[in-house]
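Undergrad: So the chains spell out like this:
There are 2 protein chains.
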Amino acid sequence: MAGKAILIICDGLGDRQIKGKTPLQMARRPNMNALASKGITGIMHTIAPGVIPGSDTAHLALLSYDPHTYYQGRGVYEALGAGLELEDGDIAFRCNFATVNDRMVVTDRRAGRISGVGAELAKGLNGQKVDSTEIVFKATTEHRGVLVLRGEGLSRNVSDVDPHEANMSVMKSKPLDGTMEAKRTAFVLNRFTELSHEVLKDNPINIEREKKGKPPADIVLARGSGAYSRLDSLQEKYGVRSACVAGGALYKGVAKAVGMDIIDVEGATGTADTNLAAKVAIVKSALSEYDIIFLHIKATDNFSHDGDVKGKVKMIEKIDKAIGPLLKTEAYIILSGDHSTPCALKNHSADPLPIAVYGEGVRVDDVRRFDEISCMKGGLGHIGGLDVMPLMLSFIGKTKIFGS
Amino acid sequence: MAGKAILIICDGLGDRQIKGKTPLQMARRPNMNALASKGITGIMHTIAPGVIPGSDTAHLALLSYDPHTYYQGRGVYEALGAGLELEDGDIAFRCNFATVNDRMVVTDRRAGRISGVGAELAKGLNGQKVDSTEIVFKATTEHRGVLVLRGEGLSRNVSDVDPHEANMSVMKSKPLDGTMEAKRTAFVLNRFTELSHEVLKDNPINIEREKKGKPPADIVLARGSGAYSRLDSLQEKYGVRSACVAGGALYKGVAKAVGMDIIDVEGATGTADTNLAAKVAIVKSALSEYDIIFLHIKATDNFSHDGDVKGKVKMIEKIDKAIGPLLKTEAYIILSGDHSTPCALKNHSADPLPIAVYGEGVRVDDVRRFDEISCMKGGLGHIGGLDVMPLMLSFIGKTKIFGS
Numbered sequence: 088m089a090g091k092a093i094l095i096i097c098d099g100l101g102d103r104q105i106k107g108k109t110p111l112q113m114a115r116r117p118n119m120n121a122l123a124s125k126g127i128t129g130i131m132h133t134i135a136p137g138v139i140p141g142s143d144t145a146h147l148a149l150l151s152y153d154p155h156t157y158y159q160g161r162g163v164y165e166a167l168g169a170g171l172e173l174e175d176g177d178i179a180f181r182c183n184f185a186t187v188n189d190r191m192v193v194t195d196r197r198a199g200r201i202s203g204v205g206a207e208l209a210k211g212l213n214g215q216k217v218d219s220t221e222i223v224f225k226a227t228t229e230h231r232g233v234l235v236l237r238g239e240g241l242s243r244n245v246s247d248v249d250p251h252e253a254n255m256s257v258m259k260s261k262p263l264d265g266t267m268e269a270k271r272t273a274f275v276l277n278r279f280t281e282l283s284h285e286v287l288k289d290n291p292i293n294i295e296r297e298k299k300g301k302p303p304a305d306i307v308l309a310r311g312s313g314a315y316s317r318l319d320s321l322q323e324k325y326g327v328r329s330a331c332v333a334g335g336a337l338y339k340g341v342a343k344a345v346g347m348d349i350i351d352v353e354g355a356t357g358t359a360d361t362n363l364a365a366k367v368a369i370v371k372s373a374l375s376e377y378d379i380i381f382l383h384i385k386a387t388d389n390f391s392h393d394g395d396v397k398g399k400v401k402m403i404e405k406i407d408k409a410i411g412p413l414l415k416t417e418a419y420i421i422l423s424g425d426h427s428t429p430c431a432l433k434n435h436s437a438d439p440l441p442i443a444v445y446g447e448g449v450r451v452d453d454v455r456r457f458d459e460i461s462c463m464k465g466g467l468g469h470i471g472g473l474d475v476m477p478l479m480l481s482f483i484g485k486t487k488i489f490g491s
Numbered sequence: 088m089a090g091k092a093i094l095i096i097c098d099g100l101g102d103r104q105i106k107g108k109t110p111l112q113m114a115r116r117p118n119m120n121a122l123a124s125k126g127i128t129g130i131m132h133t134i135a136p137g138v139i140p141g142s143d144t145a146h147l148a149l150l151s152y153d154p155h156t157y158y159q160g161r162g163v164y165e166a167l168g169a170g171l172e173l174e175d176g177d178i179a180f181r182c183n184f185a186t187v188n189d190r191m192v193v194t195d196r197r198a199g200r201i202s203g204v205g206a207e208l209a210k211g212l213n214g215q216k217v218d219s220t221e222i223v224f225k226a227t228t229e230h231r232g233v234l235v236l237r238g239e240g241l242s243r244n245v246s247d248v249d250p251h252e253a254n255m256s257v258m259k260s261k262p263l264d265g266t267m268e269a270k271r272t273a274f275v276l277n278r279f280t281e282l283s284h285e286v287l288k289d290n291p292i293n294i295e296r297e298k299k300g301k302p303p304a305d306i307v308l309a310r311g312s313g314a315y316s317r318l319d320s321l322q323e324k325y326g327v328r329s330a331c332v333a334g335g336a337l338y339k340g341v342a343k344a345v346g347m348d349i350i351d352v353e354g355a356t357g358t359a360d361t362n363l364a365a366k367v368a369i370v371k372s373a374l375s376e377y378d379i380i381f382l383h384i385k386a387t388d389n390f391s392h393d394g395d396v397k398g399k400v401k402m403i404e405k406i407d408k409a410i411g412p413l414l415k416t417e418a419y420i421i422l423s424g425d426h427s428t429p430c431a432l433k434n435h436s437a438d439p440l441p442i443a444v445y446g447e448g449v450r451v452d453d454v455r456r457f458d459e460i461s462c463m464k465g466g467l468g469h470i471g472g473l474d475v476m477p478l479m480l481s482f483i484g485k486t487k488i489f490g491s
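Line order of the protein sequences matches chains A and B.
The first sequence: position 9 = 96 (our numbering), numbered continuously.
The second sequence: position 297 = 384 (our numbering), numbered continuously.
Since the hints were derived computationally from the structure, they do not count as laboratory data.
It cannot be assumed that every hint is accurate.
What the hints assert, rightly or not - In silico contact screen, one side only, chain B against chain A (beta carbon under 10 Å); selected entries:
no.	residue
1	A135
2	P140
3	H155
4	A431
What the hints assert, rightly or not - Cut-off 27 Å, straight-line C-alpha distance, at most; resulting in silico cross-link-like pairs (BS3-like, lysine-lysine):
no.	chain 1	residue 1	chain 2	residue 2
5	A	K108	B	K106
6	B	K261	B	K216
7	A	K415	B	K106
Ideal placement from N, C-alpha and C gives every residue a C-beta, glycine not left out.
So that you can see chain A by itself, here it is in the shape it has in the complex (with noise of 0.2 Å):
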């Protein structure tokens, strides 16, 4: 199956020496050392040396878009990612089911992490009209949903509603520059924002709620504003036909905004309990039908944040096992993440990342082992997360001559 690529990437996977070893360097990692041993090794500065790469816009790097010219802001991905078809000048959000006081004061962000009813409260929220602007609104796991402003004159540039903290009010959104389409789009989350606490208060679900001693999710609270605009796909720019096994809903939808198919994969969760080994099989069979393939997982991030240093080493390890099927594979395997997340720091980092190419004909080095370390001395140098695919697309056979 020459021809083909698996782009594997372990969210946050990077990480600090801790006692003299990384979290790679600890972890038992027969097959990523394999992918190392038999292809060539480097590290990888996702966006450049120096910058912090968010999920989003170090997945539209290694994508091939650079962030710095087509990065939509946050809420576009999320909203993507959650199956909802988006149209150009399209505002979307990030949201959460919370709680307020009767002073508009967050008592919970999460709204005590209701689960299973975010689909019937959206009922009343999606649909709506605040003057000509049409509310799309979409619950999807847990306290978690999108919004959609739609309409003419809308613009990205405007703050959060969410006060990101328990305990303090309720934010005005305000515009962030002087045009008159982010002092009108600010004005519609204003007005959604109210309007989702007068629909939302008196929704049974909430009243049961209260009944029971638990909080009511009787407010949608917006933040990280996108606006969509269509990108050429993979398709146009190169040619390839290509899918995105992921669980969470970013990945999902920065793969759909670069045109990806999404392959849904039943317990693919996006947490440490996901099921691997069907996004593995799912990534497998997919090879006949695509020719490049990214398979993202979460979870290694999730311990970093965690700081849970022997829950990501477990982590490497079951990966490490889990994608032992692909390297029987003829596809050529590129591995690494998106961005450090040192377990010490419990946030992302600027630090760069180890990756392997292995592949019929990829020239070997002589690294033996895949971590941050041993990568230093790879035959691939120091690369950019926008190299990425064009080095795939050239060992895939997908990219045309400079010149003549």
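Starting from the known structure of chain A, arrange chain B on it as the hints suggest.
TA: Then chain B, alone, in the frame of chain A:
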């Protein structure tokens, strides 16, 4: 003779491992290894990681002209390399004398590889006019030639007349954009093509060939349009006197486009039987007159395109022997290739190239061998083709300080 530099470019030099070794690694190459041992080495991406360079774009980059900005199309370099003087706005093409049947189907794209008659055949074509457009036509080697359309309002955005395969009809050139200039150029090119058939079919040479059962050279098929405009020369950009020693017309053409002097060498053929010793002797003697000499050796690429590993290894050994005398000069020597042409692919690839820089004061790294794998660990790290000229200039003292 400090302050001089020789840039040795072996065409298509880079390769991939074949049973663990690249052709460079297989070759006995004491001189190349001496350059690596006593110099500094690295890996060069002629254009960028994942980008497959053409021969023309690669050489533009190596000579410090970013091909994204300065690439003018293959025809320009072929015409310059054939010795034509071009004027701003000239549209140039590579051409073949070919054979067509009476339904204008190409029966032989090279007219039986005619030899020694091109100049005579060209007489009836050169100097013609189509409307106000002047036709400049020059026969070069064997069945090859170059065509220049000269006049107001022309464009390079036209498709080829050459169908690139035998048993296909002669193509009608089409405008590739909506401009009047492209329409006009396609019209002129089509008219020239017809004219070439009208003029050539009754040429006594062809009547004679047909009598002998040989395919007549009864049409000229153009391809690879380019639009000439004068570039600032290396002399103007950097104040250096530079010269090119090459066999192939394309390389002479690129060199001429950037203002290098072309030193013709008897027996420099661009093939394996080229007179390497003569080329090297000319380079040595030209060092007194020039700051930078670009020595191009083509045949490594020819063997690669044929998939002939043994031939490539032998050619590398031949080059290694031939360049020996240059190591005894006091000039800086920069050794690399223009692009990789892996024998397994028989085509250009995006794989980068080893590079070695040798001369007084160059920091010596610990790489002892000149090849794609050893140079991965070289002290130059990974550089781009556009870095080569600035590096050379700085070593020969032709670089001005930036700031103070």
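Undergrad: Take the hints in turn and mark each one as holding or not.
TA: Each hint, compared with the structure:
1. A135: Given a least distance of 7 Å, the restraint on B:A135 holds.
2. P140: Hint holds; B:P140 Cβ to chain A Cβ min 6 Å, cut 10 Å.
3. H155: With a closest approach of 9 Å, the B:H155 hint holds.
4. A431: Where the cut-off is 10 Å and the nearest Cβ of chain A is about 6 Å from B:A431, the hint holds.
5. A:K108 x B:K106: Answer violated: A:K108 to B:K106 is near 35 Å, above 27 Å.
6. B:K261 x B:K216: At roughly 20 Å apart (the allowed maximum being 27 Å), B:K216 and B:K261 satisfy the hint.
7. A:K415 x B:K106: Holds. A:K415 to B:K106 sits at ~20 Å (cutoff 27 Å).
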